[in-house]
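Undergrad: All chains should be modelled from the sequences, with the hints used to inform the complete structure.
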Amino acid sequence: MGGLLKADLKKLSKSKCFIVCLVIAAALGAAMALLYNYIWEQSGKNIAMSYALMEYYGFSTDMLDEALSSIPKRNLWSYINIFFSDSSIWILAAICVCTYISTEYSAGTFKNTIARGCKRTNIYLSKVIVAVIEIMSVALVYVGAGSIAALFFVDINSDFSAGNMILMVVTYILLMIATVAVYMMLSVIFRKTGIAVAVSIAAPLILATLFNLVSMTNETLANLSRFLLMNTYVEVESMFQNGEGYIAIITALAYMFVSTVIGCLVFNRSEVK
Amino acid sequence: MEYILKTEGLTKVYAKQKAVDDVSLTILPGDIYGFVGKNGAGKTTFIRMILGLTRSDSGSFSLFDGENVSKARKRIGSLVESPALYPNMTAKENLEIFCSMLGEDKNQVGEILEKVGLADTGKKKAGDFSLGMKQRLGIAMALVGDPELLILDEPINGLDPTGIVEIRELILELKNKHKKTVFISSHLLGELEKIATRYGIIAKGRLIEEITAEELEKKCGSRTSVKTNDPKKAMEIIKKLLNIENVEIDAKGTILIGDPVKNIGEITNELFKNDIVVEGISTSDSSAESYFIKKMEEG
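Heads up: the protein sequence lines correspond to chains A and B, in order. Heads up: the first sequence is residues 1 to 273, going by the numbering used here. Heads up: the second sequence is residues 1001 to 1299, going by the numbering used here.
You may find that some hints are simply not true.
[As the list claims (entries may be wrong)] So, partial list: chain B residues that the calculated Cβ filter (under 10 Å) puts toward chain A:
#1 SER1070
#2 ARG1075
#3 GLU1093
Think of the hints as simulated: they come from the structure by calculation, not from any bench. From a predicted model like this one, the values you see are computed outputs, not experimental measurements. Yeah, the Cβ is synthetic: ideal placement off N, Cα and C, and Gly gets one too.
TA: Shown next as structure tokens:
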């Protein structure tokens, strides 16, 4: 397995798609920081205008005060949270992972190692590990570039708990690994780049949207919707604030395990061209 | 070692059609085994089952006297259908990556590239190679790790005449000098004839015949035909004169001598001495190609 990992990492370093994704991630991260800064400023202006209007007409501003207190403070950690829960990075990740696997299928290079007696499980796990490294690199560049851009707009001294922050970062990393495992599973099921990317991007979003719509009328479904992968990203911060961070961790581990097992089984049984 | 590969009743069915139907064959150490069949006969499907790329539906196979299959496959180098290369890497990088995957020493890469004639490709990416160059690189990948059994599926596809000769000589060198066993499937019967020591003829998924090169030579080497006024008497005389049994009379009464005849004059003199009129005598060469085609059509 060591040999397979070494070879896969070497291939990754030579991959044009990977280099391009890193560049796009950097640009995207910086652009997101600018976008959210703009949104925040506009929101601030709208709230200020609402205050002025309410005071002018003699209405109470208690409701506004309550709404304001629930909005997260505009600090670096808020930006980082947004970067992780934003769907654009996951679209990029889907393209990266699916292209990585589908290229091997279309070039037929899996047969080289399988025909030489390398175990299919080892081949698959090596690909998963390298895909995780690939996506973590892309995410690091995305968050890093975005954070650097955000530093121009925020004060880095923030009043959040370092311990909580570390736990949340670990949780985001676990969720990332889980997402990669899901994308890998979809790639070995669908094999062709276009279909794999389309399903990887569309399926979680459609599933989450449908679930969220239906859960408006059903409390049980509303509770279950937290276990959808895309929803979990968005709710990590609130889960930790409510002392339910373990739910996100368990969700990540469950997706990771189940996807890897299914992906392995599919890869083990499939014909290789 | 008793055998390199033995299959028993190996079968693969696709959508109710048997792509490989109950194939039982044996490859012995040191063989150059020519696997012959038309397009769609089942050659590649058979090879894919041996290499673990496709699961068989029934039957079994064993490698290297029954060694564990995963371990045994490490002793096999293969080129199946088209070569599977990383197009954004050079020939050297492709081989080095492959050496890494298999845990093999990268120092062998230079020597392998020399053997297949790709030592001078430099920084050219495999994606820019011609078909023949890609084929050579595929063969090079099969040679990584000095495998004992080489399974080559149409290895000379796309090669120019010089390339065909080079690969043929390489295969012969691997067998004679390095004691490798080679299993080749090919349409180019003329080329196979020059190197194969044994043949397996497959048609519609079934193994029609296994035959050694010597047996093939006997069956379709030179034939002498003799027309006489008394074929039966003439046949006995010829058998006694040449001390052979491989003589028969065809439907038209022509005597067919299957073994090579060095001195035709000797036959005519002996027949004349025994009052037999020789109406005609000729020699023809029947090629292995026509033998194979006939067998494939019969199958």
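Undergrad: Compare the structure with each hint and give your call.
TA: Here's how the hints hold up against the structure:
The interface hint given for SER1070(B) is met, as the beta carbon of that residue sits about 5 Å from the closest beta carbon of chain A, less than 10 Å. The restraint placing ARG1075(B) at the interface with chain A holds, with a minimum CB-CB distance near 8 Å, inside the 10 Å limit. With a cut of 10 Å, the hint placing GLU1093(B) at the interface with chain A holds, because the nearest CB-to-CB distance is about 7 Å.
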